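Visitor: Put chain E on the given structure of chain L with help from the hints.
So the chains spell out like this:
Protein chains: 2
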Amino acid sequence: MGKRTVKVGLIGMGTIGGSVAGLLLHNLDRINAKSDLDLVLERVADRDEGKLKSLALPAEKLLADAFELVRDPQIDIVIELIGGIEPARSLIKEALENGKFVVTANKDLIATHGEELLELARRKNLNIFYEASVGGGIPLIRPLKYSLIADRLKRVVGILNGTTNYILTCMSQEGLGFEEALALARENGFAEADPSSDVEGRDASYKLMILAGLAFGKVIDPARVYVEGITGITAGDINYAREIDCVIKLLAIGEELPEGIALRVHPAMIPHSHPLASVNNEFNAVFIEGEAVGDVMFYGRGAGGNPTATAVLSDLVEAARCISGQSVCSMVEKHAPGTKYVPIEQLSSRFYLRFLAEDRPGVLAAFSKVFGDHLVSLDMVIQKRRVEELAEIVLVTHLVREDAFRKALDQVMKLEMIRPNPSTIRLMV
Amino acid sequence: MGKRTVKVGLIGMGTIGGSVAGLLLHNLDRINAKSDLDLVLERVADRDEGKLKSLALPAEKLLADAFELVRDPQIDIVIELIGGIEPARSLIKEALENGKFVVTANKDLIATHGEELLELARRKNLNIFYEASVGGGIPLIRPLKYSLIADRLKRVVGILNGTTNYILTCMSQEGLGFEEALALARENGFAEADPSSDVEGRDASYKLMILAGLAFGKVIDPARVYVEGITGITAGDINYAREIDCVIKLLAIGEELPEGIALRVHPAMIPHSHPLASVNNEFNAVFIEGEAVGDVMFYGRGAGGNPTATAVLSDLVEAARCISGQSVCSMVEKHAPGTKYVPIEQLSSRFYLRFLAEDRPGVLAAFSKVFGDHLVSLDMVIQKRRVEELAEIVLVTHLVREDAFRKALDQVMKLEMIRPNPSTIRLMV
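Residue numbers (our numbering), protein chains in the order written: chain L, 762 to 1190; chain E, 762 to 1190.
Since the hints were derived computationally from the structure, they do not count as laboratory data. Because the structure is a prediction, the values reported are computed rather than measured. Check the hints yourself; a few may be wrong.
For chains that are exact copies, the list does not tell them apart, and a pair is met inside one copy or across any two.
[Stated by the list, open to error] In silico lysine-lysine, DSS-like type, Cα no more than 27 Å apart, as pairs:
1) 814 to 885
2) 768 to 1130
3) 795 to 768
4) 1095 to 795
5) 854 to 885
6) 795 to 906
7) 812 to 906
8) 1168 to 1130
9) 1101 to 1175
10) 795 to 1101
11) 795 to 915
12) 854 to 1145
13) 814 to 915
14) 854 to 812
15) 1130 to 854
16) 854 to 795
17) 885 to 764
18) 764 to 1095
For reference, chain L alone in the conformation it holds in the complex (with noise of 0.2 Å):
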């Protein structure tokens, strides 16, 4: 009994791109043999002829336009692999138009567009995966749409940017500013020419909006997350972190309250016994707190032309049963609208604040009084260090709310004996 050929057409031959091609002509006979498919790579697009012509493709299949690609009546499932908005968009909204499954590693275009995207393949009985999206080869987005259906999550929290983490381990392991780390990273390949996106936490931040979407099954504006980045992060804070027995790393946190959701990606300081704190180097892992299922982890590789094919050709494997008649694919998530959101001055937080003063009597007095009139409870109070005549004062609060905090250090900073750019970063709790 014959099977029905699935044609495959995968757009952009970069780093993932190329991966994927390798993979999926290399392991063809192994992938169609274990998920009973018959999957053919028919037709490849990108700008870059030099990249074409590395495949072991015939020249009719490889394309320069990737429109072309689309408008293929032949091709059953649309890889792509170029990132970005446009022309991103544009091709998977003109290949869903035209009938085809789509597979996408395109964190910034589902983070931002995937509701009109998902709709779009909705009314089509399509579908779009998107498991390379977040994490690169570890499996996140389906374990979250499948294994944790029927479970009410809590709380996710990710270590979702590979480049951030490894400057943060190379700054805690070998002692680096921040500078240094960089580029370190850099010539490690682990950071690109512009890092912005990276240290700066924006990233991050399109994956966790991309996970929150999926855990809580809503809808997600991006104003309405809390950024923040690591550059502030200095050598000196990492050792105080190591002092209290903490670890620095940047963190995107999604929470689900009852007053609505809060998201935020910012450094944050994490007690070494937390499986998170031994998550170095390029590594992303995301914790994920249900109320049944208690606290789960996924680990691995969140970058690289691999790992990351892996999870497209997973979701290739899922397209395709689709079009083979094994499934019918009407799970297409569904992310509620009118979602309300908690911004990050209501949260409550433990607070590290480091920042220098004049060293004379009265100072510790002085903000000390501060705090408590608003209310800001001091748990530790770290007073070792000179920078040339000044004291540096590092103070850990208890639990408060982020404004009451933000208040107080306001106040604080108005005294005349201390000096600007204090220090601060959260503690998870």
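Guide: Okay, now just chain E, sitting in the frame of chain L:
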């Protein structure tokens, strides 16, 4: 448009069954909405009438005889949660014969009779789902079946037994001996009255068989799994492990080597820096090494009613999607017969070895010579503690084949100045 109602029969109201019934009755609307299904808990069977009466279900839905449930033509899906081989096997076979999909958490049965049951399911165009059989609420089976489908998996290393991990964590963190830690585990509900299947490694070996079967696509013969438990581990071994920057964990390791599959469960020293080292208390984790994906780890609660129930319910949704026409579930996994095995004697490890010897000149020279003669190369020698009149000697070897090491150890043990009953623990490499 009316959806087809999918009627569920639940067998076994123990810890997991109770949680499944509770979550199902409590979250049913949300599960149905998310998955676009119309699931109903139709009947529940248990020999204990008291347990049944605790459910908010009318008397005609409660059964003392599980066979009556699997014969009820109204039931679409049977959830088997009684555990053990019989009558579970007969119940599942009859359920399949009667055209019902099956969900089970029964690791013993799937490990030893999985092939027979899957074959029957395949013949009947049905399927058996068993996500809950390994790792409680941690999504493992589905990632292995779907997410990593395009990759070649080389190794699966798991901490698969919560009882032993709890005991080893207590020994390590509280300095307790094995018996004291076991008593504490019992007190806190992490060890059963008869803990032998846990502490002797059999429980972990069943789970390993299931994971390895999926990861390598092979039929696994229980007799070919090397199993060694943790009853011989002492507080002294734990301390020496710490000195070489390791922790001791009961590992279940499956590998695909060029010569065949190697499967083993034994305590192992793993470096502190390895992600598995921080898996503590009753938590489980599975570390997977794939050719393309690299290292991936899944972590969570490996047991307990509610965590395990989330896995059962995710399977239930998958089964219900098959029935309601959302999926045809033709992907019943196939395990190839004729598996070749590599016995542990042919595997290479680094070994930790602790023994007592007379404290006199020539001892070191004597055993060193024997090891040297057998080409067992020593990486570390520690002699710093005395036990009564005797010197305690600790060695760590370089990589050496197990049979060569054992032969050398036999000879060392024949030296008259060496006392019998050495302690041997493999290091994870």
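Visitor: Compare the structure with each hint and give your call.
Guide: Against the structure, the hints:
1. 814 to 885: neither (34 Å within a copy, 48 Å between copies)
2. 768 to 1130: Neither, since 71 Å and 65 Å both go past 27 Å.
3. 795 to 768: Answer is within: at 18 Å inside a copy they meet the 27 Å cutoff, but 31 Å across does not.
4. 1095 to 795: between (30 Å within a copy, 8 Å between copies)
5. 854 to 885: within (11 Å within a copy, 40 Å between copies)
6. 795 to 906: both (22 Å within a copy, 9 Å between copies)
7. 812 to 906: Answer is neither: 35 Å inside a copy and 32 Å across each miss the 27 Å cutoff.
8. 1168 to 1130: Cα proximity of residue 1168 and residue 1130: one copy only (14 Å, versus 73 Å across).
9. 1101 to 1175: Classified as neither: same-chain Cα gap 35 Å, cross-chain 75 Å, threshold 27 Å.
10. 795 to 1101: between (44 Å within a copy, 20 Å between copies)
11. 795 to 915: between (36 Å within a copy, 16 Å between copies)
12. 854 to 1145: Neither. Shortest intra-copy (60 Å) and inter-copy (71 Å) distances fail the 27 Å Cα cut-off.
13. 814 to 915: Result: close neither inside a copy nor across copies, 49 Å intra and 31 Å inter.
14. 854 to 812: Intra 25 Å, inter 54 Å, cutoff 27 Å: intra-copy only.
15. 1130 to 854: Result: close neither inside a copy nor across copies, 60 Å intra and 73 Å inter.
16. 854 to 795: between (31 Å within a copy, 25 Å between copies)
17. 885 to 764: For residue 885 and residue 764, the Cα distance is within 27 Å both inside one copy (24 Å) and across copies (20 Å).
18. 764 to 1095: between (32 Å within a copy, 18 Å between copies)
Going through the hint list in order, the structure does not satisfy hints 1, 2, 7, 9, 12, 13, 15.
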